[in-house]
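Peer 1: So you can see what is in the structure, the chains are spelled out below.
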Amino acid sequence: MKLDQNARYARTHEWARWDGDEIVCGISDHAQESLSDIVYVELPEVGDRWERGDNFGVVESVKAASDLYMPMGGEITAVNEALADQPELVNQSPYDEGWMIRFRPSDRAEWDDLMDAEAYEEFVAEEEG
Amino acid sequence: MPYIPHSDDDRRAMLAAIGAQSIEELFADVPERVRFPKLDLPPALSEMEARWELETLAATNFSTADGPCFLGAGAYRHFVPAVVDSVLRRGEFYTAYTPYQPEISQGTLQAIFEYQTMICALTGMEVANASHYDGATATAEAVISAINAHRLKRRRVVLASTLHPEYRAVVRTYTQGMGLTVENSGSAGFTDSAGFTDAAGFTDLLDRDTACLVVQYPDFLGRIEDLRAAAEAAHAVGALLIVAANPIALGLLKPPGEFGADIVVGEGQGLGGGLNFGGPYLGFFATRMEHVRRMAGRLVGQTVDADGRRGFVLTLSTREQHIRRDKATSNICTNEGLMALAAAVYMAALGRCGMRQAAELCYHKAHYAADQIAGLPGYTVLRDRPFFNEFVVRCPRPAGEINDLLLDEYGIIGGYDLGRDYPHLQGHMLLCVTEMNAREEIDLLVEALEEVGG
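Each protein sequence line maps, in turn, to chains A and B.
Quick note on the numbering used here: the first sequence kicks off at 4 and runs consecutively.
Quick note on the numbering used here: the second sequence kicks off at 1100 and runs consecutively.
Simulated from the structure, these hints should not be mistaken for lab results.
Quantities reported herein were computed from a predicted structural model and do not represent experimental measurements.
Built from N, CA and C at the ideal position, the CB exists for glycine as well.
Hints may be right or wrong, so weigh each one.
Cβ pair distances, simulated, as ranges [claimed, not checked]: (1) A:65 / B:1166: 52 to 60 Å; (2) A:37 / B:1448: 45 to 53 Å; (3) B:1178 / A:61: 41 to 49 Å; (4) B:1189 / A:99: 38 to 46 Å; (5) B:1542 / A:87: 52 to 60 Å; (6) A:87 / B:1161: 54 to 62 Å; (7) B:1414 / A:99: 26 to 34 Å; (8) B:1467 / A:61: 52 to 60 Å; (9) A:99 / B:1250: 25 to 33 Å; (10) A:130 / B:1200: 28 to 36 Å; (11) A:67 / B:1277: 20 to 28 Å; (12) B:1276 / A:91: 33 to 41 Å; (13) A:61 / B:1161: 48 to 56 Å.
Build the full structure now, drawing on both the sequences and the hints.
Peer 2: Laid out in structure tokens, this is it:
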């Protein structure tokens, strides 16, 4: 399992990373691997406002469809348009080209509740049992 | 004699097992007056007598086989070539269902794939699904797709008043409980002789909360409108344009896709289906690729197997049955497989030229009829708009009365009484002419109308 050391992680397997004043967000390497080949990603619209834990989109693979949840609350400032035609980017490059949304967080303190890479690795190991 | 497997001994044993003395005691909880009510029935008939009685009863029906029919209004009598039924009734095909392990039925999938492909060609769209129950339910599914295309944020749906009244009713039924506002475009403008506004009149009803505008093409009154105005009005506020189209007319008319329609649906019964007493019918549904994920129902695709040979798969399964069960936007998990097959065989048998020819026959015969009726004293044909194979006639007496006289005195099935749905169109009749109406039939109708109108 690959991890981005600069990112923090939600229990629902989204990662979040600061880029200036904004957060970039996608799903973890572990999540994309569990889903297998991703065929469709439904993303929100720029300007949508969500609370932490809100369902902001859907990722659909040949195996399953899963909701995507906001790791922190905020207002969407960009979505990865490339995923419309190339959803496989999520599989190939979950932390870079496969990013999903950027948002301006409404409460920076919510960052502190996310897991760092090490904690997430333990969390996944535990979940895998 | 009914087949009842239980002997008296079996019944006694069962009663003993549950501790009841008799059948009467077993049903003692059922109030006595309804427990074994005396039914006032005539004595039992033998099978032969029952058949005679039913056949005599059935013979009192007057069907389209018994006389000329000029009734359309959503269900159309078109010629069905014999090849349609002979393919349909093959044992390999003769089921309404797509098998649960679909890829094992390559023939069924190929037929659906070809059906989808031809529906796309006819409507000018990019992708068509494997079908719905009928035109009305396909329209309702299109409305729900449009709501989902706007991520449930837009809550208004505008239906043209000239959309089939039953389609409008089904859209309301399907969307009840979703908290939507479903508007009928008003007829207050009275901008044409039938008292309806044209597409420009929709503009007032469309706003930024409108998910879609639904129009019919040709409309319920048979009239053909340039849909560009409707498309522009809808797209100006970011709403989708849904067009409910008559597929036979599309053999001749510009496909709605070329006008900018976002979803094209319609009743496919005319494509190789009989009137079938109102069902089974066929709802077709076609859209642009950008909406394919919100399309209800299933989609068959063509691919190659590991050895590079052509094969067919369910590219999109019905969501609620499989992986998106809890996120499905539609509850439809079936299609009209057999009717879709009939449509595919019909379209393939006629081909591009045949489809156009069928449409031209309808068009020209209807215009001949309209010309003749327009010359009758007391009758007015409303024809300030171009029409396809149906037209509105203002009659000198109530349409219902005229229809009764046509049937009783002349053995003719008359038109649709528009006063049933449009109060301002009392005394107006919608007449339908297809390639099935011989010129002699039309002349007989004209003669009869003249006599009953006087």
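Peer 1: Hint by hint, note whether the structure agrees.
Peer 2: Hints, one by one, checked against the model:
1. Residue 65 of chain A and residue 1166 of chain B have their C-beta atoms about 57 Å apart, which keeps the hinted 52 to 60 Å range intact.
2. In this structure the supplied range 45 to 53 Å holds for residue 37 of chain A paired with residue 1448 of chain B, their Cβ-Cβ distance being about 49 Å.
3. Taking the beta carbon of each, residue 1178 of chain B and residue 61 of chain A are about 46 Å apart, inside 41 to 49 Å as hinted.
4. Residue 1189 of chain B and residue 99 of chain A have their C-beta atoms about 54 Å apart, which leaves the hinted 38 to 46 Å range violated.
5. Against the hinted window of 52 to 60 Å, the Cβ-Cβ separation of residue 1542 of chain B and residue 87 of chain A comes to about 59 Å, which satisfies the hint.
6. Look at residue 87 of chain A against residue 1161 of chain B: about 56 Å separates their beta carbons, and that is inside 54 to 62 Å.
7. Remark: the range hint 26 to 34 Å for residue 1414 of chain B to residue 99 of chain A is upheld by a beta-carbon distance near 29 Å.
8. Checking the proposed 52 to 60 Å range against residue 1467 of chain B and residue 61 of chain A shows it holds: the Cβ atoms sit about 55 Å from each other.
9. Take residue 99 of chain A and residue 1250 of chain B: their Cβ atoms lie about 27 Å apart, and the range 25 to 33 Å holds.
10. Remark: the range hint 28 to 36 Å for residue 130 of chain A to residue 1200 of chain B is upheld by a beta-carbon distance near 33 Å.
11. Under the hint 20 to 28 Å, the C-beta atoms of residue 67 of chain A and residue 1277 of chain B, about 26 Å apart, fit the expected range.
12. Checked against the hint of 33 to 41 Å, the C-beta distance between residue 1276 of chain B and residue 91 of chain A comes to roughly 38 Å, which is consistent with it.
13. At roughly 54 Å, the beta-carbon separation of residue 61 of chain A and residue 1161 of chain B lies within the given 48 to 56 Å, and the hint holds.
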